[in-house]
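With chain A held as given, fit chain B onto it using these hints.
Chain order of the listed sequences is A and B.
Residues 1 to 261, numbered by the working numbering, are exactly what the first sequence covers, in order.
Residues 1 to 251, numbered by the working numbering, are exactly what the second sequence covers, in order.
These are computed hints drawn from the structure, not numbers from a lab.
Predicted, not measured: the structure shown is a model, and the values here were computed from it.
Worth double-checking, as some hints may not be accurate.
[To be verified] Heads up, simulated DSS-like pairs for lysine-lysine below, C-alpha to C-alpha not over 30 Å straight-line: (1) B:Lys-186 <-> A:Lys-46; (2) A:Lys-46 <-> B:Lys-112; (3) B:Lys-82 <-> A:Lys-228; (4) B:Lys-186 <-> B:Lys-112; (5) B:Lys-219 <-> A:Lys-228; (6) B:Lys-11 <-> A:Lys-228; (7) B:Lys-82 <-> B:Lys-115; (8) B:Lys-11 <-> B:Lys-82; (9) B:Lys-82 <-> A:Lys-46; (10) B:Lys-217 <-> A:Lys-228; (11) A:Lys-46 <-> B:Lys-11; (12) A:Lys-228 <-> B:Lys-55; (13) A:Lys-228 <-> B:Lys-57.
[Claimed, not checked] So, partial list: chain A residues that the calculated Cβ filter (under 7 Å) puts toward chain B: (14) Val-129; (15) Thr-130; (16) Glu-131; (17) Gln-132; (18) Asp-134; (19) Ala-135; (20) Thr-138; (21) Leu-139; (22) Ser-140.
Each residue gets a CB set at the ideal place from its N, CA and C atoms; glycine is no exception.
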Amino acid sequence: MCFKNRRMFLVRIGGLFLAFLSAIGNVTMFSVNSIVSGIMPPYYLKQIVQQAIQIGYFSLPVVGMTALFAGMAMTLQCFSGFSELTAENAIPSVVMVAMTRELGPVLTALMVAGRLGASMTAEIGTMRVTEQIDALTTLSVNSYKYLVFPRILTGTILLPFLVFIDDVIGILGGYIVGVYYLNFNAANYIHNTFASMKMWDVGSGLIKGAVFGFWICLMGCYHGYFSKGGAEGVGRSTTNSVVSSSIMILLLDCVLTFVLF
Amino acid sequence: MDYVIRVENLKKSFGSRIVLDGISLNVKRRESYVVIGGSGSGKSVLVKCILGLVKPKSGTVEINGQNMMHLPQRAIFQTLLKCGVLFQGGALFDSLNVIENISFGLIYGYGKSIKEAYRIAMEKLELVDLGVEIAKAYPAELSGGMKKRVALARAIATDPDVIFFDEPTTGLDPVTSGTINELIVKCTKEIGISALSITHDIKSLKRISDRIGFLYKGKIIWEGTNSELTTTDNPYIRQFVDGTPNGPFSH
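Just chain A, same shape as in the assembly:
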């Protein structure tokens, strides 16, 4: 009996491991198929422009507000800690480094994953369960090229832009709190913000943004593309998409930080 239980336990572990490997294989094949079909002509520019507007333009309010409040809160938190060490002058540069290296890319990616990853999965998933993806194929249109590639391309290119905007607004939020609430000298604050700034701080954040953008769109499309089971299935896929994107954003952030610094 005990042997049987142990065997069952090992069978389950083995099954989970195989499922994990299978998932990695499926995601890899999905991304390769999408990219290979996408780079071959004809190009669906209208789709790319539409996705650029969705991902870039319509994400701005959410990303901007998140960055503003994060920058403000960061400055307040820093002040309460740094003032005890009489290190208030370091606050602007700490806010700048935190925003450009970490908070900017991670917050932007999490917000975009919640907003766009979910909507991509829901849209493509609904298309799957209502046979619209099958209809695309029967109309001789490659669904990877038409649906997936434009999203992955624009996500990868535009997320760094959103991260940059997030960085600027976050630093601005810190400036507003620092100057108008904590009574820092405006010129000093600006000087301290940029005095210790390195291009790599911003650049590394943008690289992270591109990686996160690729992953969010890949997960959004992948979970939607393989949705099944009607409305309930699409709901489940949407949840899986957001959860897998969010976890991977934090994991990739950790890995990229090790690699880039």
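Then chain B, alone, in the frame of chain A:
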């Protein structure tokens, strides 16, 4: 014999469940072939296997003489350009309006200009008895019957050699069903498009079919013409056509 669709020993299973167990059927040019069978008998899977939307386990599928099993993706798309499909739920693209839906295959598949594609789309819209006033409407604003007609217009927009009808009258009222049947007859008899339909609507079947195949337990167990359907003493056919609760199906 000039066959537009030729299926040979087609097999498909999902896990241990065998759905198609060696199906063979042929659809002649300008013929309307209808596959009937109970719910869950694998009719939709059969059509999806023929179109390459579902990968069969084994067998041969030829459309216009092209073996779909051994073609590269690009050639499959070329072959599909000559096929129209009317899906059960219409499968209209939610994000596109009626005219964009109908002209989709012309623009993205055939590479026609938007102006030319819209002109053809308007012609097809009239062919399915819909007015130009719905051209800018979105699928969500249309009734079930209108969606089916728009989907039919999209299916015939590319002047296909063969159309696949997946349950064309399911979920429609008798009058709208009759209209859809007449449109299908118009496509097959007047325009001369071959058709492979699947249905369990007997009234529709009698109106649109030239030849019928009965699908049961993954096999075509009976094949015949419309008139043979009414005279056959095959107990499966009799029970299915008469809709009686007692018979071989029940066992």
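Status of each hint after checking the structure:
no. : hint                    : result
1   : B:Lys-186 <-> A:Lys-46  : violated, 35 Å
2   : A:Lys-46 <-> B:Lys-112  : holds, 15 Å
3   : B:Lys-82 <-> A:Lys-228  : holds, 29 Å
4   : B:Lys-186 <-> B:Lys-112 : holds, 26 Å
5   : B:Lys-219 <-> A:Lys-228 : holds, 26 Å
6   : B:Lys-11 <-> A:Lys-228  : holds, 23 Å
7   : B:Lys-82 <-> B:Lys-115  : holds, 21 Å
8   : B:Lys-11 <-> B:Lys-82   : holds, 24 Å
9   : B:Lys-82 <-> A:Lys-46   : holds, 25 Å
10  : B:Lys-217 <-> A:Lys-228 : holds, 24 Å
11  : A:Lys-46 <-> B:Lys-11   : violated, 40 Å
12  : A:Lys-228 <-> B:Lys-55  : holds, 17 Å
13  : A:Lys-228 <-> B:Lys-57  : holds, 21 Å
14  : Val-129                 : violated, 10 Å
15  : Thr-130                 : holds, 6 Å
16  : Glu-131                 : holds, 4 Å
17  : Gln-132                 : holds, 5 Å
18  : Asp-134                 : holds, 5 Å
19  : Ala-135                 : holds, 4 Å
20  : Thr-138                 : holds, 4 Å
21  : Leu-139                 : holds, 4 Å
22  : Ser-140                 : holds, 4 Å
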